[in-house]
Amino acid sequence: MPLSENPSLANQAPAKKFKCLRCKKNTFTTADALTNHQNALGHHHAACSVCQKEFGTEKALLDHRKTHGKRPVSKGATITASSVSSSSKNVELLRTNTTPRTAQAQISVAKEPELSTQASSLGKKTTTYSRQNFEHVTGVLSGPRLYYSGNFFMTLNASEQEFIHASLVMQCHSLDRLQQQGYIMPVLMDGKENPRKTTIARANFQEMPRPLLTIRQRRRAVVLDCEMVRVSKGRREVALLSAVDFLTGEVLINNYVQPTAKVTDWVSKVSGVTPAAMAEAVAKGEAFHGWPAARRALFNFIDSQTILIGHSLNYDLEVLGIYPLMVVDSAILASEAVFGGSKFKRLYGLKTLSEEFLQLNIQPDNRAHNCLEDTLTTRDVVLSYLWEPERWRVWAGDARAKHEALERQREARRRQRKKTKKQTAKAPARQGTDESEDFGYSDESETLRWSDIAEDCGWPHPDTGYDPWSD
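By the UniProt record's numbering, the letter at position 153 of the sequence shown is numbered 153, and the numbering carries on one by one without gaps.
Think of the hints as simulated: they come from the structure by calculation, not from any bench.
Honestly, I wouldn't trust all of these hints.
[Said to hold, decoys possible] For each label pair, taking beta carbons as the anchor points, the in silico distance ranges come out as:
hint: 1; residue 1: 361; residue 2: 186; range: 38 to 44 Å
hint: 2; residue 1: 264; residue 2: 203; range: 22 to 28 Å
hint: 3; residue 1: 408; residue 2: 30; range: 55 to 61 Å
hint: 4; residue 1: 212; residue 2: 394; range: 42 to 48 Å
hint: 5; residue 1: 404; residue 2: 366; range: 26 to 32 Å
Here a beta-carbon is modelled for each residue, glycine too, at the ideal position from N, C-alpha and C.
Kindly produce the complete structure, drawing on both the sequences and the hints.
As structure tokens, then:
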């Protein structure tokens, strides 16, 4: 409901005056002026779905909702905490990770079909998922939400999309940074050829197509994720591709991809891809035939002016054979927030960031990844970064302090190992030692840890390194 049509707002101040419930400023003479103020400062209000009373903060709204459980609810009001059905019941979301919105209204929530191991859930080869294809549910929320796999994800209105796109352009990483983080580049920044071996032959890599006038509209920003399997010679191939319009949340691609080489390990516990599901998708013609077909499908939606978003996107682009140009990587955003422009000492996983900033529980109980869920989660992590810079600044300071404390502990252990080694070398060999007394151990000796060996060899520490299979 537009602010100008909300009677409760009209009653908050004298005639033709509007009040911001967050900062209490009440000098706005028009609803548009209040909306602009809320958009600029993030001072969006929230409404109770039972009595329509409005609050300046989510905490105040949640505290208020508890009072409805102590008194009768008016007829016709149906409160549901977590269930979502296809009927037109009112659904109330008891969540705290709401996106700043400009209005409170009865809205439709798009419910995505669950991504199961059955190939039928993926749709036809280039099927696009539009809102009218989804099961709709109405509810009083702080704004429209996309619903998928038990989680709700952000949506943006037209003005928010423009603001977010402008902010996103400013966050695109330099080619130097992309090269440092393992992105495959046509040439190194010093002009030399890149000698690094790739999963796909370098000759088969392509840059994103130039902007052309086509029937299908190219998207300004697309977030994507791939699930991968192992093939011969230890290489990886894409087995599942999901792509979502970053600004609208529209699902563009969500398909299995038949590997071109023999699969040696499906990594099903991580990827969620099984031989049976792949075989069924191929038999029904619902899978792309190899990574080249998946890349062609993706090129229907992107060009050289499209911003690509992902979490450790270098691994996804490598198995698709795509050279990066305009990229926003949520793993890089998080590490830059913590470590600045210096070399990253660690990367942060998508699950960690989603729990910290979105209160989403993806991959619960160490279950396999859900490709589309990871894609939507990456989108919301980046939206959170753009919407809530102060919150990210505070988190980054805490994360940096924790990392520095761990580094001090590791340095102390290294020094102790070195000291113990020197003392052992200087100590004279004991003569006639009873066999039962000396097996080369002592109360002073330190157990050798694999993490210590890894550090000494220059490999990433298991607590701070990053596994490309983890996201």
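We went through each hint and held it up to the structure:
1. 361 - 186: 38 to 44 Å: 40 Å, holds
2. 264 - 203: 22 to 28 Å: With Cβ atoms ~24 Å apart, the hint holds.
3. 408 - 30: 55 to 61 Å: 56 Å, holds
4. 212 - 394: 42 to 48 Å: Holds - the Cβ-Cβ distance for residue 212 and residue 394, about 44 Å, lies within 42 to 48 Å.
5. 404 - 366: 26 to 32 Å: At 29 Å between Cβs, range holds.
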